[in-house]
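Trainee: Place chain B on chain A using the hints.
Which chain is which? The protein sequence lines are A and B, in order. By the working numbering, the letter at position 201 of the first sequence is numbered 201, and the numbering carries on one by one without gaps. By the working numbering, the letter at position 104 of the second sequence is numbered 104, and the numbering carries on one by one without gaps.
None of these hints come from the bench; they were simulated from the model. Cβ atoms here follow ideal geometry from the backbone N, Cα and C, with glycine treated the same way. Some hints here could point you the wrong way.
To be clear about the criterion: a stretch of chain A counts as covered by chain B if any three or more of its residues have a C-beta under 8 Å from a C-beta of chain B, and this derived list gives those stretches [what the hints assert, rightly or not]:
| # | stretch |
| --- | --- |
| 1 | 19–29 |
| 2 | 263–273 |
Reference listing, derived: stretches of chain B covered by chain A, where coverage requires no fewer than 3 residues with Cβ under 8 Å from a Cβ of chain A [to be verified]:
| # | stretch |
| --- | --- |
| 3 | 6–19 |
| 4 | 38–52 |
| 5 | 132–145 |
| 6 | 190–196 |
| 7 | 199–208 |
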Amino acid sequence: MTIRVIKPGLFTCVQDRGRFGHAHFGISPCGAADVISLRIANLLIGNDEYAPALEMTLLGATLAFESRATIAITGANCECKVGPNRIALNTSVEVTAGSVLQCGGTTEDARCYLAVQGGVEVPAVMGSASTDIRGRFGGHQGRRLQAGDVLPIGHNYQARYRRVRAGALDEMRGRGAIRVTGGAQRHWFSDDSYANFLGNSYTVSEQSDRAGLRLKGDAVATRESKQLLTDGIPLGAIQVPQDGQPIILFVDQQTTGGYPKIANVIAADMHRIGQLRPREEVRFAEVSIPEAIEALRAQERWLTAIWEG
Amino acid sequence: MKIVSASDSSILVEFGDRIDPEIQSDILGLFHMLRGLNDPRIRNLHPGYVSLLIDFDPLALSHKDATALIESLASSRPAAASDYSTIATIPVCYDAEFGPDLDDVSAHTGFSAEEVVRLHSSATYRVCFLGFTAGFAYLGGMPEALRTPRLATPRRAVAAGSVGIAGAQTGIYPTETPGGWRLIGRTPLRMFDPDAQPPTRVEAGDAVRFAQIDRAEFDRLLQAGK
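Isolated chain A (complex conformation):
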């Protein structure tokens, strides 16, 4: 049982939950940029919720299935066809042996996830199947997929199918401000500067990737003229380099850095960062840490309540 890549799309790679416990070797977490969509895709078809799947960015892949398979596609809205027939997203779909699945461009949001029953089978490296693009390991040969790649399908699943309640996923993608808490160097910025950062809107630059989303907008002024001694970077940290244009450090992030961090995206909104498109506008709103943790709890409750029956 294999999947053969006919066209890789713009940027398609194998991702799971991510690789933890190795930051002190300089190893980034990686993992699905929108881990909620990864989990939903896997749960729809009876996989472990964090089973390795294909993450496709902006333009999806064209894939041939050598044998019958059950798949689910979640995340960004995009037109997916098997042969001439459009297939539904956010549900389990059977594809017959020899089928060709063609995933188009995402019409809103940035990334979709293709899970296959049994999981995409690649060797785990340091406990994860995630592709580390910068480190060139994990996933399929440590890189994004290319035409001609062949990916084995695993066997690890329970024959349990679920359906998502109608409309349940509409609640997922808030279009409001991205919620943040104050960053480790929040005090390097004056209250005025921090208020401006929260009041401004920024555009996601086209020079953005899984390691960092570069934002363009009014420059954020730092109060301190001293240089930060390189320190650890949490996932979702928003750092401000000398030019004042913030950068959201994301799943493929460098593990340490030398720019002050004004704020940090809350864990419950991290999946929204993974769905930001180039040129999209973003704003930030501050919440407290207890509020952020309550939002994460609410998200976990929501994820158990989206299913039919």
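Mentor: Coordinates of chain B only, in the frame set by chain A:
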């Protein structure tokens, strides 16, 4: 020691505001104790020059309990040993082919190329921490006289194993990446191997020395694939 929230899922323990071997030793002491706990609630530890970032699952461990844990570990910590745990000797070929910026370092510092190599390979360095990218070691202890600014325009690709100087720092590129450090040599050793345990040749707290090798030895070690 100061504990601050860095995000809803992490806290930063700050030990000081200057690069200092004693501070480094305190950071690594706490780092090793936390690693030793094998606590599944703790996801990642990021030592830095003057701090340790602790990333955890906030649904399993509250900020309050994480703070209490760190405070109790810090107060129970035995006096740090001052000796290095391991001394790693890294063979480096400083031939012009691998050290295209050796002449720049020479011109900037006023030393001959031979003296630059001698100074660089006679110091003992300390791995302060690994970060930035997989297997990249931040080394402390470069002779001040070798200080040279980085390139104005970074190279698009620097070969794995390249040894460079940037300001007061020296380091080895573990994988091929773009980079702006002044390149003075190259090691044939693999500094990062994702399939090895541990995946990096050096770890925080190790001492590092560079040993000059000639081109024949470089090729021999490269062939041996160590």
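Trainee: Indicate, hint by hint, whether the structure satisfies it.
Mentor: Status of the hints after comparison with the structure:
| no. | hint | verdict |
| --- | --- | --- |
| 1 | 19–29 | holds (count 10) |
| 2 | 263–273 | holds (count 4) |
| 3 | 6–19 | holds (count 9) |
| 4 | 38–52 | holds (count 10) |
| 5 | 132–145 | holds (count 6) |
| 6 | 190–196 | holds (count 3) |
| 7 | 199–208 | holds (count 4) |
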